[in-house]
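Undergrad: Chain order of the listed sequences is A and B. Our numbering puts the first residue of the first sequence at 330, with every later residue one more than the last. Our numbering puts the first residue of the second sequence at 149, with every later residue one more than the last.
The hints are simulated quantities; they were obtained by calculation from the structure and are not laboratory data. From the three backbone atoms N, C-alpha and C, an ideal C-beta is built for every residue, glycine too. Take these hints with a grain of salt, some might be off.
Stated by the list, open to error - Where chain A lies over chain B, by a calculated footprint (3+ residues, C-beta under 8 Å):
hint : segment
1    : 177-190
2    : 197-203
3    : 291-297
4    : 337-350
Okay, here's what each chain looks like letter by letter:
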Amino acid sequence: MATQTMYEKIWNAHLVHQEDGQPSLIYIDRHLIHEGTSPQAFAGLRAAGRKVRRPDLTFAVMDHSVSTKDRTLPVLDDNARAQFEALWRNCRETGVRLFDMHSRNQGIVHIIGPELGLTQPGLTIVCGDSHTSTHGAFGALAFGIGTSEIEHVLATQTLPQFKSKTMLIHVTGRRPPGVTAKDIILAIIRKIGVAGGTGHVIEYAGEGITDLSMEGRMTVCNMSIEAGARAGMIAPDDTTYAWMEGRPFVPRGKDFQLAVDYWKTLPSDPGARFDTVVELEISQLAPQVTWGTTPGMVADVTGVVPDPASFTDPVERKAAERALQYMALEPGTRIIDISIDRVFIGSCTNSRLEDLRMAARVVEGRRVARTVKQALVVPGSRVVKAQAEKEGLDRIFKAAGFEWRDAGCSMCIGMNDDVLPAGERCASTSNRNFEGRQGKGGRTHLVSPIMAAAAAIAGHFVDIRDWGVGQVE
Amino acid sequence: MQPFRRHTGLVAPLDRVNVDTDQMIPKQFCKLLTREGYGKFLFYDWRYLPGEKPNPEFELNQPRYQGASILLTRANFGCGSSREHAPWGVADYGFRVLIAPSFADIFYNNCFKNGLLPITLPDEQVDELFRRTYTHEGYRLTVDLEQQTIADEQGLALTFEIDPFRKYCLLNGLDDIGLTLQHEDKIRAFEEKHPVTPVQYEEVDMWSPERAAD
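One chain only, chain A, in its complex shape (with noise of 0.2 Å):
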């Protein structure tokens, strides 16, 4: 037989209908929702008189909205009320589990569905939401769809799909001290653009990413879509497997072995061919901090601000000058002397156990500076922030200067009331730098949470390697 990638194993072990010149029908595994992009997908399944095939399969949050402060206080905002309500309604309705924001398991969808063992791998796994890439980086293939796709998934368990490319990125060489999961997959934005990996599904490999724990193979792999591909992808390993045992909704026993001797037929075929492929040398990379308004307008720490001028391309270069405009910034300024008025740790791509630690290590004993307005603290989830606590990293936070939050998307997307303010700058760990995404006028700057928590501290960005790294590695 001849060779597969873990795309296209998964791809036929879910294969429901296939018809020359049409898309082909794909079973889904999980469907994960959220208050934010369902509540017209349930109105018009209702105005159609469908019903929700497989509830069982089906798993709700509320994320996008909800409050970080005090969730016992009543929820303000009228909109963000209805929504709850709508999704809390819809669920109850049709017999779809959810997460409500009162519930200890609560959290940012792409967070509590590995937390909770329903995302495994070799499952097809869907969400309204472009981040649901993150969970390819347990060897799922999962994507992002809009709400008629919501709709379509609700009534059929399916989706019509036409078949992907694939793109393999191979990452060589070994992480230096000071570089994170998130400087990993800024380089490959910066590498293969913004639009790089359209109509792709990625595969990262190489020892770049399997030295990862499952949390930085997330965080690559939640930045997938900023790639422009839909779907990112790693292969399960002992580093997957020994993260996904005791999890609530994992098998035990003699059925976690079958599982994993499952699992280990996924990883692609030596000698799989793949329509595109990228290789990454990381041994001398830098942390990266965007200066832009996508996430490809990237530089390292060390590096300026470029100058419009220098790109050859009359779009690109209109889009930089515009970019500078938006963000205030002058060209060949140093990163490093880039004040910062806000710093936001948390979301879908840096919010877990492990970002978590590694920014404290950074911050214990120290002080976020005076200029500093606000820095945030958000756990990605209830789960983490109760593991957190236990560890103490809340006291080393909040003894820093930073608010520690209840669980949610946040100073991310701004759908609640963390919102940066117009013309202010954010150091933050999320993952896009689009005009207006934290709030209108706010000028973001995405980093790594070590980088982040280092800015807080300095009051502008600095190379966190110049910190000692042995205190965050």
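Given chain A, put chain B in place with the hints provided.
TA: For chain B alone, kept in the frame of chain A given last:
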């Protein structure tokens, strides 16, 4: 869904690359529960000054582009968030055709669910259309999906590629879900040999029908 066959309309230029869906419909409007009425929020932060006064600097606010139904733009249009609020806004504003060198995958897909025709053309042809749009006030194009052609009133004639199945669905305004349910027997057969119900081994704090029945 509204079928799409042939459309003639005014062209509006949006000469920006990587226009993301956050920019089309900002976060605060993603808290609404309907699919309708997003046109007035489209490109909100670019389009309005404080107090929702139209920003005269924004291309689409120029008098000559009022009533446009064909949007001409640059590469990677619709990148970022999967929010379908973006194509809802684009369609509700009055656009029926989008022309760009490339589109982001999720947005592209979402367009077809909402009767919008996204057309991909090579960079040189997009450049030429920008030139003509700026030069000729009231520049109009006729887009024929059946023939896969684009024509203006000065004799320009272009062709475009589109997947035959997407074309068929758009021409006929077909409901995807209805098409899929024709394969109900195959879905059921698949489910019988592919049991995927997750088994819960440990108590979690979750509302479920079982818990409600206790």
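Undergrad: Evaluate each hint against the coordinates.
TA: Verification of the hints:
1. Evaluation of the coverage hint for the segment 177-190 of chain B: fulfilled, as 6 residues show C-beta separations to chain A shorter than 8 Å, against a requirement of three.
2. Counting residues of the segment 197-203 of chain B whose CB falls under 8 Å from any CB of chain A gives 0; the rule of at least 3 is not met.
3. Requiring three or more residues with a Cβ within less than 8 Å of a Cβ of chain A, the coverage given for the segment 291-297 of chain B is violated, as only 0 such residues are present.
4. Counting residues of the segment 337-350 of chain B whose CB falls under 8 Å from any CB of chain A gives 10; the rule of at least 3 is met.
Hints 2, 3 from the list above are not met by this structure, while the remaining hints are.
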